Amino acid sequence: MAPEKKQKVSRKEQILQVLASMLEDNLGERITTAKLAVEVGVTEAALYRHFPSKAKMYEGLIEFIEETVFSRVTRIKAEGQGCLDKLQKILTLVLAFAEKNQGMCRILAGDALAGENEKVRNRAEQFFQRLETELKQIIKEGEAQEGLTRRLSPAASANLLLVNVEGRVHQFVRSEFKVKPTAHWVSHWPILASGLFQ
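49 is the number of the first residue of the sequence shown in this note's numbering; add one for each residue after it.
Please keep in mind that the hints were generated in silico from the structure rather than gathered at the bench.
If you're wondering where the values come from, they're calculated on a predicted model, not measured in any experiment.
Virtual Cβ for every residue (Gly too), placed ideally from N, Cα, C.
Among these hints, one or two may not hold up.
[Stated by the list, open to error] Subject to a maximum C-alpha distance of 27 angstroms in a straight line, what follows is the list of computed DSS-like cross-link-like pairs (lysine-lysine):
no., residue 1, residue 2
1, Lys-137, Lys-167
2, Lys-167, Lys-60
3, Lys-148, Lys-226
[As the list claims (entries may be wrong)] Per label pair, the in silico range of CB-to-CB distance:
no., residue 1, residue 2, range
4, Lys-83, Ala-203, 40 to 46 angstroms
5, Lys-137, Arg-97, 36 to 42 angstroms
6, Lys-60, Gly-195, 31 to 37 angstroms
7, His-218, Gln-62, 28 to 34 angstroms
8, Glu-127, Glu-87, 38 to 44 angstroms
9, Ile-239, Glu-115, 29 to 35 angstroms
10, Ala-203, Ala-93, 43 to 49 angstroms
11, Lys-60, Leu-208, 35 to 41 angstroms
12, Lys-125, Asn-170, 21 to 27 angstroms
13, Leu-208, Val-234, 25 to 31 angstroms
14, Gln-65, Gly-195, 46 to 52 angstroms
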């Protein structure tokens with residue numbers, strides 16, 4: 049029983065890796081299960097033995113994104129640095145993740161999910177909602193624990209940071225991965241940071 053289960057997990061991971069690779073290599077194209085099956089080297093029926101629908105495959109990739117990013121966000125928050133340092137590290141993490149994982153970046157931008165199930169699109173949107181909540185919490189803690197005086201409400205400050213990150217992710221996809229999400233980030237961050245607190 050155990051070896052068979054291990055093989056299934058391995059095949060599931062392989063399917064998700066191939067799907068992510070296809071999203072990276074086939075800009076502007078919709079990925080069909082038929083094309084995915086050919087790339088994986090299995091039948092469509094075999095794909096559906098591991099995932100009941102294509103939506104579940106996309107959800108599997110979104111779960112990977114969430115686990116990868118938010119496990120690191122938790123570590124950054126626990127490091128005990130100042131508010132602005134935490135914010136910078138978290139935003140840099142998201143931008144670097146998008147840059148290194150172009151197929152996943154298309155999911156975050158929503159580009160790869162056009163025409164897909166509404167539940168999957170909403171699930172991708174939840175990533176950014178959760179990120180915004182994390183940013184807002186760090187800003188509130190910075191005000192309370194460090195005595196920082198904010199210029200905007202925590203919600204408005206978190207949204208300012210979020211739209212900058214989302215815009216960079218969308219620009220990366222729209223430019224067909226030519227304009228990196230981290231482009232000019234080092235020089236832009238101090239200007240963004242100065243707008244948060246007095």
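Worksheet item: Going through the earlier hints one by one, which of them does the structure break, listed in rising order?
Response: 1, 6 and 13
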